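Undergrad: Sequence:
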Amino acid sequence: MLGRDGEREQLTAFARSVEGRTLLLRGETGVGKSTLLDFAAELAAREGQLVVRATGVEAESELPYAGLHQLLYPLLAHTTGLDDTSRAALGAVFGQTGGTPPSLMSLGIAALGLLSAAALEQPLFLVLDDAQWLDDSSAAVCGFIGRRLTGSRLKLLLAVRSDIASPFDTAALPELAVGPLSEEDSALLLDGHHPSLERRLRRIVLNQAQGNPLALLELPGHAGGPTDDRPPADPLSLRGASPSRRLRHLYGTRITGLAAGVRAELLKGALDGVAAGSGDGPVPAGRYRMRDADEAVVRGLLVIEPSTGEFAFRHPLVRSSVVQLATPGQRREAHRTLARLHRGDLERRAAHLAEATLDPDEEVARVLEAAAESATRRGGALTAVTWLTRAAELSEHPAERSRRLGDAAFIAGHAARLGHARRLLRADPGPDSDRSPAAALASGYQALYQDGDVRSTHRQISAVVERLADRRAADRTDAEDPDGAGGTDGTVLDRLLALLLATSQFAADRALWERTHALLAALGDRVGERARIYSATWSDVVRHGAGWTGPVERAAADLPGQEPWDVARLAVSAYHLDVLSPLRPHLQRVVSRELETGAVSAGMVMLHLIMLDQMGVGEWEAAERTGGRALRHSDEHGHELFAQQTRAYLAQIAAMRGQTAAARELQAVVDAWARPRGIGFLTQLADAAGATAALSDGDYEGAYLHAIGITAPGVFQPYAHQASRTLLDLVEAAVHTGRAAQARAHALAARDANLPAVSPRLALVTHGALAMTADGEQEAAEAYALAVDHPAAARFPFELARIRLAHGIRVRRTQGATAARQFLAPAADAFERLGATAWAARARAELRVSGVPARPATRTTSLLTWQERRIADLAAGGLTNKEIGERTRLSPRTVSAHLYRIFPKLDITTRAALRDALTRLDEDAATPNPALPHHR
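Counting from 1, position 421 in the sequence shown corresponds to residue 421 in our numbering; the numbering is continuous, with no gaps.
Treat the hints with caution; some may be incorrect.
[Claimed, not checked] Derived CB-CB ranges, DEER-like: (1) E363 <-> Q867: 24 to 34 Å; (2) G179 <-> T12: 13 to 23 Å; (3) V18 <-> G261: 31 to 41 Å; (4) E333 <-> R526: 16 to 26 Å; (5) R16 <-> E362: 33 to 43 Å; (6) R16 <-> G878: 53 to 63 Å; (7) G878 <-> P360: 45 to 55 Å; (8) V18 <-> D635: 39 to 49 Å; (9) K882 <-> G550: 26 to 36 Å; (10) H193 <-> S891: 55 to 65 Å.
FYI, nobody ran anything at the bench for these hints, they're computed from the structure.
Note that the structure is a prediction, hence the values are computed from the model and not measured.
Even for Gly, the Cβ is constructed at its ideal location relative to N, Cα and C.
Given these sequences and hints, build the entire structure.
TA: Here it is as structure tokens:
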């Protein structure tokens, strides 16, 4: 501890603090971080705190939640005091139950609850060494915990290497830099441990150690003799080498001098993640225990764990050196032994089998495939890609190899690694692999989601599906598949059809949809129920949507057991049928997990769906925040299609809230990008936002022109998903512009198309449109009653308030002011709760005409606009105003003005407080507004 007075002082204050705190030590290898952790842990133990230690291990950095399991395992007995939700979250992650894998936020809350429960008995002091090797999921949860310890009885002390990228680099935790020792302290440390070192060698060691304490202690053991006679591998002969490289060479010479059996023991310990350093606590259950390795203790490579008597590596560099010096055959043999040890742990066994197997082995490939499926469902999509790729390499049959490569590429594509997906498929040596279904999927994903190229994507995927249909007509079997990549395999066909249907949905083109439906018909009974659901609900609910609500709800009964992309697709169908709300809790539980470590593309779709449901039920501020989050992820991963889709939804929110300038600006951006590409789905969204903005401004002529850009009055344009959704917009605009005949024709068209049978929202707006356009007052009253008395009416508060306002205006004109108040007052209240300022003002104006005194409107402005949220996130990530301006195309002065407005909104005064404030905002977004009606 020589020369560490400043660090010891800070750690002493940290350990003795009565408040919960977090501190991250950062420094190079061998600089003394572990020694400082030991000092703090011993002090905390003397202070009466329960010390729990864990160590990140490189061998486990791809095992989902391995680090978190190590940290929380000793405390799992305290789960009995947790609520059911927290117990279920921890149980699902640690394999104790088969429940839904939780989101990272849900798991973080559960882990924090477990730690808090344990701390009720005794204050907790958590020590995490080598945190740079934690798997991404565990690191995210630890970061979540570390930012929330204020006011608790918990402390978290972490250490990371400064020369390796770490998940904690952006965790915004308080840090203490641990630098090299000064020249004076280096000399004192060296002389204290090696007082008889010859002067010339002393000078060489001091020069080459560069203030690194471990190097100062270890390098003198190799001193002696002329330096010119040293072998090249000698650490003192490595000119210009860093201290860590010199230490690796030093440990290497000690390792090579061990007996073969001892080296084999060390290798198995290193490959199975045995801890480095004493004091790390008990060896986790199932971890390999090294035996008969006393020789390595004598040579300074191992230490003995005081509390258990188990062997542990003296330093992480020893562990990595053991692995590097082993031959490939020795490593494979060690992995085989470890695979047998972990035969009851699917993922750990798979990781060892992947390294132990050299030649194709179908049994091992199947184990890796099963582990990949397990990892995918726990949010470890990137790990699944690695294991499926290895499974493909070990496949005994070309068709199986191609199929597994296709599966890996498919998951990589959904994990927003489209370039990696293409590389995987180029590695397939099968015949015509570049024309395979898997290759078509990878290129199709890239063309659609990055470039918005609906035409070529549809053409390419259609050609592959047509080949499959032709082969079916010729009655060929799967074994005769000339396309490779498992082209006729049911899973690959389902994926092709899902992409074809998604492309058709975005194109919103009648000719493309008709071709898609023809292809599905040609495939006959090989088209599964899911594809039939998507075909009906994504295409044209007016003509094909009736009768599909039941199948969608039945398919959604077991969401936890489904792949993330299947969940997202089914939720899209639920949205089109206006039954999305029951699925939203599950989406909110898993979306963060998918965005962080899982199927990112599916996660972005989930964000859109959460946003749409928030918009529908009236949680507009939460929807705007969700939209800002979706836009950040879309931009980050280069998914331009999703980014423009998000902007379209943000435009609609702005239009409903009366922020019409912002709405029109976003509308113009979306339209300019989507229209030249023929993306009808987005151009319709842009027109819908334009119509809503015009209605908000009272520009009924402009609203009418936007609405008929989607569909003509009296008909519902085939395959135009916004045709039915803008029913009220067109009718209201037509009524106010004197186009009574067109308004009535459109309302009757909705009735004649039996839209009330398709979805609850369409039932509400159809009856509302009939009430607005009725020829007589009795008919208007009856249609109005059908609308407001619909069991689901309260789930759509904006549409319901608009119907009430329109009916109230009609009643005031035909029956007088007093009769109208019962309709106008609830409409005005609803608009104010929603934040629909223009509609609220209109309703209040009608009430004043009806004799109700004016009263101040409720302030309902959003806490942060999407632009403010984006700037706040960038600032929380440590960017300067200039850097933020470069990212957002704003001047630094404009960025500063935004931050000036953001700070008081979040009730903070410094940039350092931004991250916690934004996290609280996200947590609040997951809680529905109790003032608004919503469906659970």
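Undergrad: Hints first: check each against the structure and report whether it holds.
TA: Evaluated hints:
Taking 24 to 34 Å as the suggested C-beta distance range, the pair E363 and Q867 does not conform, at roughly 55 Å. Restraint check, G179 to T12: a C-beta distance of roughly 19 Å satisfies the suggested window 13 to 23 Å. V18 and G261 have their C-beta atoms about 51 Å apart, which leaves the hinted 31 to 41 Å range violated. A C-beta distance of roughly 46 Å is found between E333 and R526, which places it outside the suggested range of 16 to 26 Å.
In this structure the hint that R16 and E362 lie 33 to 43 Å apart at CB is violated, the actual value being about 59 Å. The supplied range of 53 to 63 Å is broken by R16 and G878, whose beta-carbon atoms lie about 30 Å from each other. For the pair G878 and P360, the supplied restraint of 45 to 55 Å holds, since their beta-carbon distance comes to about 48 Å. The beta-carbon spacing between V18 and D635, approximately 43 Å, falls within the hinted interval of 39 to 49 Å.
Distance hint check for K882 and G550: the Cβ-Cβ separation is about 56 Å, which falls outside the suggested range of 26 to 36 Å. A C-beta distance of roughly 58 Å is found between H193 and S891, which places it inside the suggested range of 55 to 65 Å.
Violated hints, listed in ascending order, are 1, 3, 4, 5, 6, 9; each of the other numbered hints is respected by the structure.
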